[in-house]
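Residue numbers (the numbering used here), protein chains in the order written: chain F, 1 to 103; chain L, 104 to 727.
Hint data in this document are derived by calculation from the structure and do not stem from the laboratory.
Just so it is clear, the structure is predicted and the values come from calculations on it, not from any experiment.
Using 25 Å as the maximum straight-line C-alpha spacing, the simulated DMTMM-like pairs for lysine to aspartate or glutamate come out as follows: (1) L:K134 to L:D181; (2) L:K546 to L:D413; (3) L:K260 to L:D271; (4) L:K526 to F:E52; (5) L:K216 to L:D181; (6) L:K216 to F:D51; (7) L:K546 to L:E412; (8) L:K216 to L:E177; (9) F:K29 to L:D317; (10) L:K134 to L:E177; (11) L:K546 to L:E265; (12) L:K526 to F:D79; (13) L:K216 to L:E265; (14) L:K216 to L:E147; (15) L:K216 to L:E190; (16) L:K216 to L:D303; (17) L:K216 to F:E64; (18) L:K663 to L:E357; (19) L:K216 to F:E52; (20) L:K260 to L:E412; (21) F:K29 to L:E541; (22) L:K546 to F:E73; (23) L:K260 to L:D230; (24) L:K216 to L:E301.
Coverage of chain L stretches by chain F, computed from C-beta distances (three or more under 8 Å per stretch; other residues unrestricted): (25) 199-211; (26) 319-330; (27) 418-429.
Here a beta-carbon is modelled for each residue, glycine too, at the ideal position from N, C-alpha and C.
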Amino acid sequence: MTERNGAHPQSPSGIPLDAPSGIPLGLAKRGYSGVIQHLAAGNAGSALSADELESRLIELGFVEGARVEVLHEGIVGRDPIAVRVENVTIAVRRREAMAIIVA
Amino acid sequence: MEAPLLHLALVGTPNSGKTSLFNALTGSRQKVANYPGVTVERKEGSFVTPRGRQVSLVDLPGTYSLRGRSPDEEITRDIVLGRTPGEALPDLVLCVADSTNLRLTIRLLLELKSTGRPLMLVLNMFDIATRRGVTVDVPRLSEALGVPVVTSIAVRKGGTSELLRRTDELITVQAPHPAQPNLWQPLTVAQLRATQREADRIIAATISLPTRPDTWTARIDAVVLHPVAGLAILALILFVMFQAVFAWAAPLMELLASAFGALGQLVHDALPAGLVRSFLQNGVISGVGSVIVFLPQIIIIFLFILLLEDFGYMARAAFLMDRIMGGAGLHGRAFIPLLSSFACAIPGIMATRVIDNRRDRLTTILIAPLMTCSARIPVYTLIISAFIPARQVWGFVSLQGLVMFGLYATGIASALGVSFLIKFFMWRDYAPAPFMLELPDYKMPRPRSIAIGIYTRAMMFLQRAGTTIFSMMVLIWFLASFPQPPAGATDPAINYSLAAMIGKALEPLLAPVGFNWQIAVALIPGMAAREVAVAALGTVYAIEGGKEAAEQIGQLLATKWSLATALSLLAWYIFAPQCASTLAVIRRETGSWTWMWVTFGYMFALAYAASFATYNIAVALGAG
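Next up, chain L with everything else stripped away, as it sits in the complex (with noise of 0.2 Å):
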């Protein structure tokens, strides 16, 4: 008979290294989803011990307690004591530790020891410890813990084969489980401080520390956390990454959009003029390829912001920015959601959880979709390549760049204006909540891990260009060829069609921005994800033009549009509500209709005088 699957679960203070143990037992196997209800990241990964067992492993969400004070918490309170339904109770818990900073794990594990499930300490980045100087004596620890004690090194390989080896050994005596009683009770504060010193107790008397701190952390920190050379840096930092973004991915973009252009080539020559052509070539193919271009250029984002996280800058980004953003109503935890918000909306008003406090959450939740971001990219990118000219200003900055640096700079201002407003109006009365936050010693990013990172986002974005995308791409090719034409009639086909009728219903509304009728269609599907309305602007002027209009849709804007609308939809961007799956993840995320529909309402509103005033000043100066 084959043994059960077993259930493992990863518990850890935050940057203990939880992750890239993880990583490193499960490598690719692993699946990324929410728990039922919340919108809390379930990661679960699997692997097989050295003596054949079938194991599943969960990272739950890092925490200092069990007591619980954020949705994330909760549910590492929850799995651990066997009080979520539909999850399993862990057959072991593997309290994992940064073994240069065992102060604060061995507390929680201390509190972990009350649950009464198998636990097992794992002294993690222990390559780095032993460097410090920083020595353990495993066998005695272990038994003034009361638990099994293992180091491991995640990144190295074959650094976890003591930890695999011990799991085979105590599931092999211990299954079925001894049944501890769960003694777990939420600690009071007494009780807290009194298991705080049983751990410097233990810890005094089993791990020798060494007599001077990490000095490379003490020294990157001289400069980075410095009042105005570290604000400098983060602006540099931020610089950099949005000349990245737009430089370095052009190449491979190039070399994507004539993949595509190619392949709709071959379906060209290789099927009869017809319906059928016209779907694969302009709806299929330079529908997703459109989208599909994009991929480098988010590759690189989160390139640079897991790099920035690993290496452990995020928390320092955070404590620069905390009083700076706290001007605006902001809290400085709100730096990374918003930061992420760069990326995508979605993951920042999810990755907002580390926002203790309601008030503080919302007004975060609320501006994040105002951060630019990379769904953007394609829409900025087309319009800037095709009216602002490629030349270098003050001899080295580019003067796209320095447009679409412009274009973030206005998102994030406008961002810090609406924050400002929302705290003087509607919570000035309330002190600002507590800005806690460790700062880690700095280690160097693992290729591996940035690459499963990298790679887990991507497949994410390309399952959407495969799905959503897809499918608008679809119904705006199917709104975009019916009616057909009647016969003779010498407008091109779009003209009868009834995406020209909705188009053209929407004109009037959108006219006073400088919005024609073809922008008021890509609109519309630009609703499900922003970057759909390049493709669907694509499809529009490649029906209307023929098969070469979608490969060149750039240099064809540029004789379609005044520079005036061109600048009035580039405003339009910095601030409409276009993306459904955002609003959806805001509802679910504040738990009301009502936060949704503020959203919206505000973005829009700001999207509609925006463009307007872009519009009519850029016209006023003779742009139009």
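The shape of chain F in the complex, shown without the other chains (with noise of 0.2 Å):
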């Protein structure tokens, strides 16, 4: 599918793209590239509940091995993010975006 230039082949914290477990997206900065995982909504701490937060993802197409990246980050503590899903950008804040589990 789409490729993107400036993908960093690393996450911020350091662990490599093929680490099975992956890192919330959440936690990403900008510029961060990588495919998801899985989701875990129940970890989010969102408002809502893990089935509803997964449900309104999964609807703007955050699924398991979607390629997203992410494109800016909000001035006040680096949140909401804008998040390139496939070739959507959703904006989202960063407790939601715990839920998704990317490497």
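With the hints as a guide, bring both chains together as one complex.
And the structure:
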């Protein structure tokens, strides 16, 4: 599918791309690029129930195997983030992005 | 026998270009109303197919799924499922997709298929997709999905001809429709995921995507979403918008004002002196005229809002403002409703339906009336032009524009303050609701669609001027004209009228904030709608001072009021809950009288306190 320029081979925490567990997208910095491993909606601490959060994330295209890239960050606490998901850009707060495990 | 009216429904994700397709198909043959019992906008239009079938088309609220998370999304689900009483079950559902961005729509389409309704996928904005290197194997896509697929370019002349032709074919073949059973059930998370996987599989097999994203959007976003530059640009846009509302509209407004003046003069010359002439000239023409004069400003503010929305900037503004507004306890999505409230609090409050968390929505509704709506502009303009000298400061900024900007800024600051207090005292124990929003690719706004948008809103304003405001003007003219002064009266006629009695009764209450009885009289009809106060002041002073007064109401006020009174009235208007329609919408949207009275009460208290402080400080500084 879509290829992007400027993809970083390393996650910000230094975990290599082939790590099986992955990191939450909510911790990724601007410029991070990776692939969604799984959704862990129960861990996000969102005001939504795990099922509702997961449904909404899927509706916006966050499913396993989708390629994501963090394009922009807000000014206060680098939050929210604008994430390219395949060929759509979605704005999401880091709190909810914690539910998206990427590598 | 004539074929029965055909019912078509447009369904699509937000930003799919549904509205531009709706505009292209129906043109100006549109009706906007509300669904009964809810405040969801019902947009219906009509057109005739090439083979002469009459079609009624509804534009359903945008949605990513049929789960119905908000009142808007419930409407879409219920109409597609035929659950809404009084609404026809659509004969054909047109699922509209942005061709550059098919992933989410194809998932929605797969869900729509389970409803059993005849479906057609419309690949809209196909020209943009082609230019970006998206190639779609339309026949294979149609086969994989099991529904007809057409391409369309809503914004180009003839861009919908294939859609129309296929619609004709489908209804001829399918009428009466094969009764497909409705198998739709709310999807579980696992089913949702499976549908998205299926959609991705179909896309991989039939669509080839470009190797790089839209470079224009990426380039613009690099600046516009930059944490610092982005906020500076947002502030600049708002500043230009308010300067424009004040400066660009002026020549047109002068033109309208002199036209109404001339019309009044015509009536004056044609009729003998007496009640009829007074009614037509002072009641009707100067009353309605003084409100219609503000049409240019309302058009300019809607022009900005519609342009920014169509361009795709509004979602960016929400992104930039999310955490900043979050500091005041507001959701990023509240930015759009609050920005619309600058035009009018009513569409603003209705737009809060995009906020799905009830607490966030309620906070936004409560503070939306503090945003400076266009109905305040007439009052602000009148007082500013009468009391603030028209000179430049710092060489290039108009002082009048600056005061206007200050009034807007005060409104915004107090809205944020009130929101913060609400959050702090009522809802501090709740975790903030999520913010998830698609940032659509930028699109060149289309003049036609902007024009239709402005036209609908201008008509709404004129309709209001023609009905509510007109009847209020007649009422105030009556109050100000009767009873007639006794023979040999020396004071102006209005001093003997009912209006004067009411105004004088209220005067002791308003004296501490510096209002005289004429202002008190004007504030009463101003309860119906803010801008009526201007017309009312015009009527009160016109009847008092003769025909010239209404035309030069500004200069007249400058001689009658102190600067302290004028500033106090400006402060009053920032806060006062002077709009019966807004209160009615709050009642309807919150489903509760309590919240309506809470809004009324807190705004009234703020208005009185602000005017009291402004007046007394101004008097102490020597402006009394």
